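With chain A's structure known, arrange chain B with the ligand on it following the hints.
Protein chains in written order, with our numbering: chain A, 734 to 1091; chain B, -17 to 297.
Simulated from the structure, these hints should not be mistaken for lab results.
Do not rely on the hints blindly, as some may be mistaken.
[Said to hold, decoys possible] As a list, the in silico DMTMM-like pairs of lysine to aspartate or glutamate whose alpha-carbon atoms are at most 25 Å apart:
hint, chain 1, residue 1, chain 2, residue 2
1, A, Lys1036, B, Asp286
2, B, Lys169, A, Asp803
3, A, Lys789, B, Glu163
4, A, Lys1048, B, Asp291
5, A, Lys777, B, Asp231
6, A, Lys1086, B, Glu222
7, A, Lys1086, B, Glu228
8, A, Lys789, B, Asp231
9, B, Lys169, A, Asp775
10, A, Lys1078, A, Asp945
11, A, Lys1048, B, Asp286
12, A, Lys1048, B, Asp70
[Said to hold, decoys possible] Distance ranges between label pairs, derived from CB positions:
hint, chain 1, residue 1, chain 2, residue 2, range
13, B, Lys144, A, His881, 39 to 45 Å
14, A, Ala804, B, Glu250, 38 to 44 Å
15, A, Leu830, B, Asn293, 18 to 24 Å
16, A, Gly785, B, Val273, 42 to 48 Å
Note that this is a predicted model, so its numbers are computed, not measured.
A virtual CB, placed ideally from N, CA and C, is assigned to each residue, including glycine.
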Amino acid sequence: MSSQAKNISNRILLYGDAILEATDQEMSVDPNVFVIGLDVADHKAILGSTRGLVEKFGPERVITTPLSEDAITGVAIGAAMAGMRPIHIHIRMDFLLLCMNQLINMAAKAHYMYDGQLSVPLVVRVIVGRSWGQGAQHSQSLHSMFMHVPGVKVVAPSNAFDAKGCMISAVRDNNPVVFIEQRHLYYTDALVPKHPYTVEFGKTRTVGKGEDITIVAISAMVIEAMKARELVEEVSISAEVLDPISLVPLDIDTIVASVSRTKRLLVVDNAWTICGAGAEILASVVESLGIKNSIQVSRMGFKHTTCPATPALEKYFYPTPVSIAARAYEMVWPNKPAWAPDAVKAEMAHQLKFRGPF
Amino acid sequence: MQDESLEGIYRSLRLIRRTEEEISKIYPTDKIKSPVHLSIGQEFIAVGITSVLNDDDIVSGTYRGHAAYMAAGGSLNKMMAELFGKADGCAGGKGGSMHLVDMENHVLGCSAVVGTTIPVAVGYALATKNKGSDQIVVCFFGDGATEEGVFFESLNFASLLKLPVLFVCENNGLAIHAPIESRWVTKALCERVETFDIYTSQVADGNIFTLRDSANKMVENIRVGKGPGFIECMAYRWREHVGPNEDFDQGYRDRAELRKWVENDQMEKVGEMLDEQMRLSIDASIEDDIVAAIEYAEASNWPDPNMLDKNVFAG
Ligand SMILES: Cc1ncc(C[n+]2csc(CCOP(=O)(O)OP(=O)(O)O)c2C)c(N)n1
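Looking at chain A on its own, in the form it has when it is part of the complex (with noise of 0.2 Å):
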């Protein structure tokens, strides 16, 4: 293909449509693939991300659920061992507490435990809300609970482009794979070919060159990271942007091999970091670089705290690009006074366009 028509397929797309779109062109090549969920078929159509399937598809393949995650997890499970591949939906993540059981119990152990007889190519799409109230019910990013079982695959795409090339990985795949959404990055948008292709899992993503620190954002997080990336600029830091797209399989030695250069690294969740992700990464950075390389490691995440339904408490729970790039400072700049980023500069680093109510 010349350049040319390459950019002409190349669209500017939100990243629900990128989601969607990946749903609908694996839905047409295989009849197998299907969705299933709670209001999948109404008007809002889960943001938008399976707006169209039900008319397109039937109901037979876009199966709107009863409020009975538990069981239709199950259900889906079954459905992936007789050689389908569902996608099941969740508006939110927090709702997946419901589906544990069958997830880790069933989902993440059946190729093992029936000695490769079966398999569960499933795909579980949740949302992480926030803000507006979404308070201790709806805000909860719970991947390293997943990620601490063997037999679940991981992946959190922070972008249109990745939520496409991940969605099409995901239904492709043999294994049950936790798909994390976040409910702001619904406003992002990102150039997006419009023919189906793969986002190979495990490969991490080098989203902004630097080499004073590492910064690994996970989900949401690397368009923090990537705005306190502009703001430390102003400071003289060249900070590298990691973005590890899928957390299992895991890509360490991009990682590894960037911090190697720049000695320092500082992780950033979407999540607590108490034996979270950020947790594995540097424990994992630090193994593979012995203790002769002294390097500084970092986390940042959610406040060990249940997050707050009020916005005056709720600002202080989440890594902001300024408190990202103040503990970059630091790291990089010990023993020098704090510093805190130009505020004009700062104050649009945090523009968010989510009004509520959902």
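Frame of chain A; chain B with the ligand shown alone:
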């Protein structure tokens, strides 16, 4: 729990209606940054049920919980401050609209994960029974909640132990936008529940007095140790699932359905039974209360930043 005189019932119906109408007016100003699930049109259920309870009975509600909270006597000022995210809110701003709580007035915390409160209410009833108290627990939930396995597991256990709990299903025929026909094979919910040896009653006429009669009988049975009761009360959600607006322009339901419920609006019907002067004076005092609650919420401070870490663990 709540005044069972005609005036008391009217006052409660009107207070909930007008408070939620004011909430929906304030909402576009972004002062309430909380997903509000309004009960407008369904208030008669919470009011009817709580009007037959004792003061110390326990009420358990959901994210659509303003009505149950107010009907049970939860503080209006604190609810409004909670919606505004302020320090004087009933949960210090940490819960928001979906997590109202007022233990002083026996309102158990509301939850936003559908069905989660059902076994919790049963457990609370287990404790009141074991303590020899004659308190009963009323557990409100929607028709969608009955689809979760935990609903049936809770029914079975509550009946097995003859626990003092009244289950109240507010059947508004919708779970978000999904009509009941797309979720239930048959509408025989009461029959399903009866197989657990639980007294049931369906209230289909939208009449608060029919509901009260049913509830009274249930509560009597529960108090003498006959075990749980179950009421399915048909209703209609007048506003969108979440948010302040109507949604008849969205194409998934027809405004014509609303008409018969508006014509049978229990707030108006009960109001008509009152002496005109009496009604006007109740209305006026409610307006004062709502204005005062909004002022209270506006005047309340934002929570102190150090509250972020408070109450993760009990002391
Ligand atoms: C376990 C769980 N699944 C899904 C949701 C998303 N959700 C919120 S409200 C709702 C509909 C519940 O309907 P119903 O129980 O009838 O109560 P209503 O909202 O009509 O009062 C759904 C599906 C949730 N909050 N919790």
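The hints, checked one at a time:
Among the hinted pairs, Lys1036 of chain A with Asp286 of chain B is consistent with the structure: their alpha-carbon atoms are about 16 Å apart, no more than 25 Å. Distance check on the hinted pair: Lys169 of chain B and Asp803 of chain A sit about 22 Å apart at the alpha-carbon level, within 25 Å; holds. This hinted pair checks out: Lys789 of chain A and Glu163 of chain B have alpha carbons roughly 22 Å apart, not beyond 25 Å. Restraint check: the Cα-Cα separation between Lys1048 of chain A and Asp291 of chain B comes to about 13 Å, which is no more than 25 Å; the hinted pair holds.
Taken as a hint, the Lys777 of chain A and Asp231 of chain B pair is honoured in the structure, with Cα atoms around 13 Å apart against an allowance of 25 Å. Proposed proximity of Lys1086 of chain A and Glu222 of chain B is supported: the alpha carbons are some 22 Å apart, at most 25 Å. At roughly 23 Å between alpha-carbon atoms, Lys1086 of chain A and Glu228 of chain B fall within 25 Å of each other, so this suggested pair holds. For the suggested pair Lys789 of chain A and Asp231 of chain B, the alpha carbons sit about 23 Å apart, so the restraint of at most 25 Å is met.
About 21 Å separates the Cα atoms of Lys169 of chain B and Asp775 of chain A, which keeps this hinted pair within 25 Å; it holds. Proposed proximity of Lys1078 of chain A and Asp945 of chain A is supported: the alpha carbons are some 21 Å apart, at most 25 Å. Restraint check: the Cα-Cα separation between Lys1048 of chain A and Asp286 of chain B comes to about 12 Å, which is no more than 25 Å; the hinted pair holds. Distance hint between Lys1048 of chain A and Asp70 of chain B is fulfilled; the C-alpha atoms sit about 19 Å from each other, no more than 25 Å.
A C-beta distance of roughly 41 Å is found between Lys144 of chain B and His881 of chain A, which places it inside the suggested range of 39 to 45 Å. Hint check: Ala804 of chain A to Glu250 of chain B, Cβ distance near 42 Å, so the stated range 38 to 44 Å holds. Between Leu830 of chain A and Asn293 of chain B the CB atoms are about 21 Å apart, so this pair conforms to the stated range of 18 to 24 Å. The hinted window of 42 to 48 Å between Gly785 of chain A and Val273 of chain B holds, with their beta carbons roughly 47 Å apart.
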